[in-house]
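Residue numbers (the working numbering), protein chains in the order written: chain A, 1116 to 1428; chain B, 1116 to 1428.
Just so you know, not all the hints are guaranteed correct.
Since the list can't tell identical chains apart, any single copy or any two copies may satisfy a pair.
Listed below are the simulated DSSO-like cross-link pairs for lysine-lysine, each with C-alpha atoms no more than 30 angstroms apart in a straight line [said to hold, decoys possible]: (1) 1191 to 1340; (2) 1310 to 1340; (3) 1340 to 1158.
Hints listed in this document are in silico derivations from the structure and should not be mistaken for laboratory results.
Here is how the chains run, residue by residue.
Number of protein chains: 2
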Amino acid sequence: MALKEVSVFAPATVANVGCGFDVLGFAVSHPGDMVVVRRVADKGICISDIRGDRERLPREVEKNTAGIAIAELMNKIETEDGLEIEIHKKMPLGSGLGSSAASAVAGVVAANILFEEPLSQTELLQCALKAEESITSNGHADNIAASLYGGFVLVRSYDPLDIVQLPTPVHLHCTILHPHIEIHTGEARRLLPKKILLEDATAQWGNLAGFISGLYQDDYDLIGKSIEDRIAEPVRTPLIPGFSAIKQAAMDSGALGSSISGSGPSIFALSDDPLTAGEIGRAMQRAARDADLDSTVYVSKVNEDGPRVIKRH
Amino acid sequence: MALKEVSVFAPATVANVGCGFDVLGFAVSHPGDMVVVRRVADKGICISDIRGDRERLPREVEKNTAGIAIAELMNKIETEDGLEIEIHKKMPLGSGLGSSAASAVAGVVAANILFEEPLSQTELLQCALKAEESITSNGHADNIAASLYGGFVLVRSYDPLDIVQLPTPVHLHCTILHPHIEIHTGEARRLLPKKILLEDATAQWGNLAGFISGLYQDDYDLIGKSIEDRIAEPVRTPLIPGFSAIKQAAMDSGALGSSISGSGPSIFALSDDPLTAGEIGRAMQRAARDADLDSTVYVSKVNEDGPRVIKRH
């Protein structure tokens, strides 16, 4: 018997990861977004409810990231069935944690299950990417791919789109401090220079190559020292009051490395055990408080599983 | 009983490897250089003979790459014993195959064995790097490290110097075409822009990350498509007549990927079996001939072993 309703949780993601600007991302266990898709009699798609967004997200399907992604899926499978979408935002907007990507991924995965999985992972990626492209100026795949596949992912190439799934060292934990300020991706992107020094680029790709090796070799030390960002972090830190002190607090508490998550303002730190990850969070939050910043801390393992079905019936 | 004479062969190397400008290199099985070190009564070091260089290399210890490297080693171990050095150049100079690095590495490895191995691999690297720094303006470690460690190596960072040894997929073969023209590293370096587009840099580090993943995953397809160089190859190809046709001939014959070796003029192509590697060599040589270029072709597996002791007594 056909399914009537499917609820899927898709995880928040850390993009860039210091050394991997625009090409590297990973998923965390929480926070994330849940999307419910439900068959209804009326043809087409409607968004029946969005919770947790303080009325900030558009209710129009064609302007909403989950709506666009699901519409793209239905277009691909050529169905005109009726669908109702409910979006449960369980993570902050504009936080640098891939909020729009999590909603888009949760939406397409839920809809794909409802329709008995007609699309492949790659096709789902394309649907979610379409949403990301529609609502931002550029549409980078790093958050989308990490949320959909789980673990660490590399966007090796955009044209053609080529995603490489990377291994996740088993003890790798992530602490995220989300300062209660908002940075718009567009604004953070405008700060980036069009050209960079070849010398900085060389250092950056040396570090990214080291980071990738560290993932394959379970070498936590190598992972940590490779998290160095010469490109985005230097120009974006002025957007985050107290950034240097917060990062320093993380490092002093045993972080392997730390940098800005996506375009910020969230700051992530990696560590190799859960106790340290918790300690890092407390230290980061104290440093944020000293900079007069309210904040939320999330501590979790790197999430290897990607989206999770919460309910289906 | 103390050794009197040690002969060591150190392999030629391919640096940059398309996507890994200044940070990636690998060793081939041949060509390479052999250095003989021999105890003599007179204190200090002298170069007694250099063969195969058509009288082009300096005979003064302090100007010769093997001489400088060995002097550095003797300095480190604080010996004033007498040493005689014989250098057998078995590879072309100025070819982009790490000729000076091979001599320096063969020299320090031979001397280290003669003195009963007082220095670690890292210390030998430092000695050879010192030589590379003295004779070139910059002193990059990619050729040195690949020749000394064998296989693929990543120079993650120069300050501090951090070398990461990478895995070598078992079927990986390398074809090298050496056109009989010479390019000076300094000249090839001056062509490089000081700044590059962020967009090109991002594509480059995406490819390098893909290449590294391919090595770990034995994914020959991923290795091949990641060998794309947006930085050095575009500005250096004018130095190599017929480059595009030679590269195209390699690709048409089944190469996984192809680019300039080091600063050229040698062109390398990777493949996943020996027959294809041979076929690629013939095709490249035909294309070179069409461009009025005499050339030598070397076909070998990627050399995982590094330097090889030829004789000790």
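Now for the hints, and whether the structure bears them out:
no., hint, in the structure
1, 1191 to 1340, "between (44 angstroms within a copy, 29 angstroms between copies)"
2, 1310 to 1340, "both (25 angstroms within a copy, 25 angstroms between copies)"
3, 1340 to 1158, "neither (54 angstroms within a copy, 44 angstroms between copies)"
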